[in-house]
Amino acid sequence: MKSLQELRELRAELEKEISARNGEGKPKIIIGMGTCGIAAGARDILQAVSQEVRKRNLDVITTQTGCIGMCEQEPLIDIQLPGQDRITYGRVTAKDVERIVVEHVVNGHVVEELAIARLEEGGI
Amino acid sequence: MNSKLYRSHVLVCTGTGCVSSGSNRIKEIMVAKLEEFGLQDEIKVVETGCHGFCEQGPIVIVYPEGVFYCRIQTDDVHAIVEEHLLKGRIVQRLLYTEGGTQARIPAYSDIDFYKKQHRIVLANCGRINPESIKEYIAVNGYEACGRALTEMTPEEVIVEVKESGLRGRGGAGFPTGLKWEFTRRTPGDQRYLICNADEGDPGAFMDRSLLEGDPHRIIEGMIIAAYAIGADEGYIYVRAEYPLAIRRLEIAIEQAREYGLMGEDIFGSGFNFNLKIKKGAGAFVCGEETALMASIEGQRGMPRPKPPFPSVSGLWGKPTNINNVETFGNIPDIIRGGAEAYRAIGTEKSTGTKVFALTGKINNTGLVEVPMGMSLREIIYEIGGGISDGRNLKAVQIGGPSGGCIPVELLDLPIDYESLRAVGAMMGSGGMVVMDDSTCMVDVARFFLAFTQSESCGKCTPCREGTKRMLEILDRLCSGEGREGDIELLEELGKHIITTSLCQLGGSAPNPVLSTLKYFRAEYEAHIKERRCPANVCDGMGAPYVIDEASCIGCTACTRVCPTGAISGVRKQPHVIDPRLCMICGACADKCPVNAIAQERRVG
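Chains S and H, in that order, give the protein sequences. To convert, note that position 9 of the first sequence is 9 in this note's numbering; the numbers rise steadily by one, no gaps. To convert, note that position 474 of the second sequence is 598 in this note's numbering; the numbers rise steadily by one, no gaps.
Just so you know, the hints here were simulated from the structure itself, not pulled from any lab data. The model shown is predicted, which means the values in this text are computed figures rather than measured ones. Some hints here could point you the wrong way.
Below, simulated DSS-like cross-link-like pairs (lysine-lysine); rule was C-alpha separation at most 27 angstroms, straight line [claimed, not checked]:
#: 1; chain 1: H; residue 1: 128; chain 2: S; residue 2: 26
#: 2; chain 1: S; residue 1: 16; chain 2: H; residue 2: 400
#: 3; chain 1: H; residue 1: 400; chain 2: H; residue 2: 258
Chain S with its partners taken away, still in its complex shape:
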């Protein structure tokens, strides 16, 4: 370590590696992993999300949830940006994942044509 600057640059890099342990205030990508979700292919969706997050080096939380009752629409992905409404996307395919991540998570625009529900902030 030759300077404080060098340490800080290294830290900026390393912080991402443990960011999963500090979830507060970060965008959340929630995948429906109830029996219905899994049957509809949620496992592939989860992997596609993980890949996308890794590829783009995003500081987000990827997590799962159980069945929320819209089994017909599975696989479901919810995106919750800090301080914004939680948007649910239905019948998501692995191909849609990239679009949802880029347009919604990265750029903050809801992908209207895939969205099927909106939960107000502070809702469930």
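Chain H: place on chain S using the hints.
Below, chain H without anything else, positioned relative to chain S:
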């Protein structure tokens, strides 16, 4: 840099407590199961240091949700992987339940044990991998060291530490900044820095957990201290009974060297520092600083008179600064956050936090860090979860064998250096042994004195002979042979040993006896005058036990526990105890469901 992002981190505690309850095996199975389910690229398994909640080990925490799983058995790993990590369903049955309620609490942060704590020194314990310098750097590690070495003069560092109000966490509470200043001001071509990790109090494991869980924090604190006092060489004196702490320290020192945080020209500041580990053989007296230095020098670990103090003439006669592990653990936060922010925690004269090892008859055995000035009541009932087995609190022994017993009447006492000293106890290193109403205070005093007596190095007469004589008196009290005048003799001996001993081992050894005499004198008197142990702990005291014929229901529970077969009788008929066979152990009375058994009262 090859950083790999995982969607989830599974933290498995590998502190000594959890390892002894099987966490290494849990980790192995976890890794195997993740591969079985094809999750190894999505989920990372991290070994961490102690979370402090040793009672609930082995502990596994799953992030990003922060779900706290406790008492995990090997069979449970499958459920965590398949249900939680694969399908996202929290495994309810493995969650923690708060004492007295049925509510299951999933989040780490919502558990009472953690909610009421203020973690500075322990902030990273259980949250990062202690064998990874990268994780330490990621949580602001070595930032304070970098700032001190490149942006502050050694004098400025000392001023900051002085203003923080930090006092030695080894027990005596000497202002840390002042100690550093003394060492810096002593002229000399060579100065040394020592970390005292010779933790020896029965029931204390603060330093061990800290070294195991966050070794880089101690190393960072030491580099800053070394810079402040002008030392280029340091030692960590740690007992050989702490193999895991030693291994993690070795790894940490090696990593620090690799990253240029130790050795020559650290942070390009021109400052050099090297650190060595010195393993002690586990003699209690080596926690005394002059004995510790003698041990490092290769001599027999015995204290010498002070002055000269180590800051003037220490290791190999050179100016030396010695601080405890926890003291160094506070330094990075003081430099990073500033003295003012640190001083805002705790009380006016005792700033910051203190780590305590909670043991004994308490529900939540473990390691806690609380702001100075918190009351014993809050620590024991709100964090510690109260007394186990539904019994009542009787006393708390603070400060180990050098400390004292605090009775239940003083439960609202704020815990800081001054108030503890005022009631005859001392902060000590932070052991806190909780005792319930089944404890005999004479027996407790005997236990601690037996420890210090056997650890006395024998160099000075008051400690060598005095503790031996005191122990003999306590031995005879506990076997029903106490004599009139024994209490007064204990007090007289105790006072003389304290004032005339060479070092603080002898200087504090009588404390457990004197403080129990102060608060539980009646128990001592009962042992002598009535030949009776009020708590029924001391065997062979007083008259044989008798069964009250009218209340005995003939359940035969007593006959089954009697070690000498002294109890006879027909089932469902009143039983009798043969007084010639009764050895007065009290096992029958403890077992009797209707309280029909008691000792015959005999006075004199």
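Comparing the hints with the structure gives:
no.: 1; hint: 128/H <-> 26/S; in the structure: holds (18 angstroms)
no.: 2; hint: 16/S <-> 400/H; in the structure: violated (32 angstroms)
no.: 3; hint: 400/H <-> 258/H; in the structure: holds (22 angstroms)
Hint 2 from the list above is the single one not met by this structure.
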